[in-house]
Structure formats: structure tokens, C-alpha cells
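Undergrad: Sequence:
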Amino acid sequence: MNKDIFLTNSIGYKKEKFVPIDKNKVGMYVCGPTVYDDPHIGNARPLVVFDILYKVLKCKYGVKAVTYVRNITDVDDKIIQSSIDKKISIEELTKKITKNYHNDCDYLKCEKPNEEPKATEHILLMIEMAKILIKKGFAYENKNHVYFEVKKFKDYGKLSNKNLDELIAGSRVEISENKKNPEDFVLWKPSMEYEPSWDSPWGKGRPGWHLECSVMSKKYLGVKFDIHGGGRDLIFPHHENEIAQSRCANDTDVFANYWVHNGFITISNEKMAKSQGNILKINDFKKSISGQVLRLALISTHYKQPLDWNDNLINECKKILNKWYECYVQVKKKVLIPESILGPLYDDLNTPGYIANIHKLYDKAHNGTVKDKEVFTTACNFIGLLTDSKDQWLKFKKEQSDISEQEILHKIKERDKARKNKNYKLSDKIRDELLNKGVLIEDKDGKTTWKFK
RNA sequence: GGCAUCGUGGCGGAAUGGUUACGCAGAGGAUUGCAAAUCCUUCUAUCCCAGUUCGAUUCUGGGCGAUGCCUCCA
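0 is the number of the first residue of the first sequence in numbering that gives the first Met the number 0; add one for each residue after it.
What the hints contain is simulated information worked out from the structure, not anything from laboratory work. Keep in mind that the hints are not guaranteed to be accurate.
For lysine-lysine, the following DSBU-like pairs were computed, each having C-alpha atoms within a straight-line distance of at most 30 Å [claimed, not checked]:
{"#": "1", "residue 1": "Lys135", "residue 2": "Lys108"}
{"#": "2", "residue 1": "Lys331", "residue 2": "Lys303"}
{"#": "3", "residue 1": "Lys24", "residue 2": "Lys13"}
{"#": "4", "residue 1": "Lys54", "residue 2": "Lys436"}
{"#": "5", "residue 1": "Lys331", "residue 2": "Lys424"}
{"#": "6", "residue 1": "Lys95", "residue 2": "Lys134"}
{"#": "7", "residue 1": "Lys14", "residue 2": "Lys108"}
All figures in this text were calculated on a predicted structure; none of them were measured in a lab.
Starting from the given sequences, assemble the full structure and let the hints guide the process.
TA: Here's what the structure looks like:
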């Protein structure tokens, strides 16, 4: 499609036309998980949002033109703490959580990124970058720590709309006597005996949190690239610090051109937090709800907006997908999605607008030709919906029920008998019983059919 | 305290300087033993106050309210 893509750039928070550095190539870096605990529904949002942005970019620039990098952070204080709490080794923990994370990605129908670098596999590059920053005078060593001197970077705070004076005045910044200034942040720190460590010019230790993304984005996308994404909360300090490190180390005027951040999820209007005890793990949905339902729910609101997670939302999405599967067809030949339908996605990833368009395609397809149904199904597939066949969808619902097919057919026979005898009291009772077990009876054209609700 | 975002019908949720969003729910109808499912039709809205304008829900200013970030966090 010839149409331009627009994105809301967090720098300035304005919608801007997307122009890649190289018009034949697009690079996107998205902050992936820190593998210290199972992914929750909040982690799922950027996964799905940037998966769709990836698809849109590929649609416009070609499959091979887009490089999507999403890291895995496997060294971090939270991981150390979690391994102590769970009484398992760090390696065992990160391996296990990474595996769970990949399962969750599959469940949510997310495509694999082109690269999925791990922090622990890039320690040497991180040490290199820290060395360069010291050499150039942007960082300093003190007592086996290396700190980035924020003051030295003039554009600090440009992304998050902060100025240094206010930050310091807030005095919530961690004060350490090792630091020259309270706002300075760690590039390298020493490790305790039991903590993971690597040799460095500043002794055995480990990197600070932000360095990995600077190093890995550079390795896979270069010192300047197009899109950097993640959750809103990462704007400060994580992304601000990435910009500072990268631009100072690489002598560049810009790090990423477009910063795209997704909003937060609340649970029934409450902040999702450990202290609230309302963390919903992705894994906990797998048994009862199809990943497609979660996916639809996650994109039912524009990515920038907050999204409230509640039963009503899930039920609505279930209903919509049930309905949509009525028009599902297997698409064999490639079908083009009309520009007018695709439009909202190009316009700052307006998924609700696109969903509204799918509803219109559904209306057309429902009484329309096979071609109409193919267009409809293709439009759904484009955002990762209706990617399961109808059989798979029905099978999943079947697995939710504890009633056997045999039993259902038997009950229906019983009901038919009652109906023939005009014993409607009994026949309605049987229908209610089945409904309670999730089986929906439909008398159509003189025949009784059933399906799982 | 500082910096941001948001405030649309019963609910969710887009867009827009003047014209139908869309979905769910509700109502009416077709259909049915009654339903369900499906189809058709349909009601309901732009927080308050000023300003700009021929005209503002949309732009500007003020107010009120909600939320987020400023500390680990998607």
C-alpha cells in the first residue's frame, strides 16, 4: 500500500509521518522481558502491539526489509532476588522463565522477531561501551563502579520532559557516596560472591540495567535506527538513559528516530501490582480462554490509551470471535485487503478503527460470496486473528466442557422425543441442563443442532 | 511539588472545524411450540465556563475531575 505510516512519537508526543532512515530498510527495537517471573497480561500488551506494528511495516516495506529486534534481559537485580526467593539457580530460573515466555508468545499468536538477543551474551560489548564512555569523559569509575555522568549530556530529559534541576530537587534519586552527582546512573557494578559476575577492567561485576539495550540495538540495527518501542513506564529512566549512553558513546545526534510507547493495563480499574495482589499471568488464561480472545481484547483500545481488563471485556471479545468464526473460510490464494480497510492501521496503529472495518467486512461476507469471506478472513489474519481454523476453534471450546458428545446427542434425542409429544416442559428442562454445561441448542429448519457456547 | 495523558451515548471505544463510527447491551420485527442462533429496523453522546469561527465534541484559555510517571515495573 502506498499510503504513509504515521506514528505517535513520544518525543514531543505528536503524530508524525514515518520516514525510515533507509527507504528500503526498517529497524525496530522493542524492550523485551526481564526473565525473573512469568509474563503477565501487562507484558502481553507490547508483545501484541508491536507484533502488529511489525506486520504493518512488513506490509508497506516488504517482509525482508524489516528487522525486528526484541531482547531478553537475563541479568538483573530482580533475577538475583527471584532466584533467592524461589531457591533455584539463576540459570535454571532464566531458562525456565524464557521458555514460559516463548510459550506465551505462541499462545498470543505473536510472530518471532528477527533477532532475540540476550544480555548475558553481550557482556563484552557492554564493557566496551562503558570503556568508550569513560574515555570520552561521559563516565567515571569509582570503587569498582562505573557511572554515567548525566550532566555531561546536554539533551538529557528530552524524551521524558524532565530537567535535571527538578530531578535533583525531587531528591528521590538514589544517593550514593560513590556518585559524583545523585542523578548519575550505573554502567557497571561489582557483584557479591553469589551473584553473577564477569571480569572487567573495574573488577568482577555486572552491567547496569540500561547498557544492554544500547549495545544490542547497535549490534543489530546500527548506531541510529528507526523505531524503539516499549511500555510507557520505560520512558524514564530506562529509555532516557539508553539515549544518553548511546549518543555519547557513538557520537550521534540521534539514537532512535521514533519512540513508540504503549499504555498500561489496569485490572477492574485498579493498578496491576504485586502489592495489590492482582497480577494476572498470561499462563493462567491458557486453560480457559483462547489466545485469540486475549489478543482481540488487547487491541480493542488504541495502544497509547490505558486499557482496563475485566470480565465484560473478555466476554465481549469471545462473542465477537464466535460470530466471526461463522464467516471463517480457509484462504488458499493470496487475497488483497482493500486500502480503505487497512487505512486505520497505517494511521498510528488504530486497531479499534481496523476492528470496526472488520465488522463491516463481516456484514458483507455473511450473506456474500466466498471471495467476500476470503477478504474478511484475510483481514482478520492480518492482525493475527482467526489464525486457528474453525475446527481448532471449536475443539478448544469442546475441551472446556466436561460433557461428551455422546451424552449431548443422547440428551438431544430425549428432547426431540419430548417435543414430539409436546412435552415442552421436559424439553425445555433438557435444553437448560445442556446450556448449563455450555452446550447451546439450536432448532433450525426442523433440525436440532448444537454447539459449545 | 514537578512533568505528562485523558474526560464521547447504559458499557467499551474510534473519528472529526459543519455530514452514520463500530461493537456489546436495550427496544421492535422476521423466525420459533417457546427459545436460541441468525437476519432486518431502531433509541441514547461528545465534563463545565469563556474565546476564535458563519459554525466546535474537535482549535485556544480557564475550571473541575480521573489516571500515569518522577523509585523496580510492560
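Undergrad: Confirm or reject each hint.
TA: The hints, checked one at a time:
no.	hint	in the structure
1	Lys135 / Lys108	45 Å, violated
2	Lys331 / Lys303	35 Å, violated
3	Lys24 / Lys13	23 Å, holds
4	Lys54 / Lys436	39 Å, violated
5	Lys331 / Lys424	48 Å, violated
6	Lys95 / Lys134	39 Å, violated
7	Lys14 / Lys108	28 Å, holds
When held up to the earlier numbered hints, the structure conflicts with 1, 2, 4, 5 and 6 and fits the remainder.
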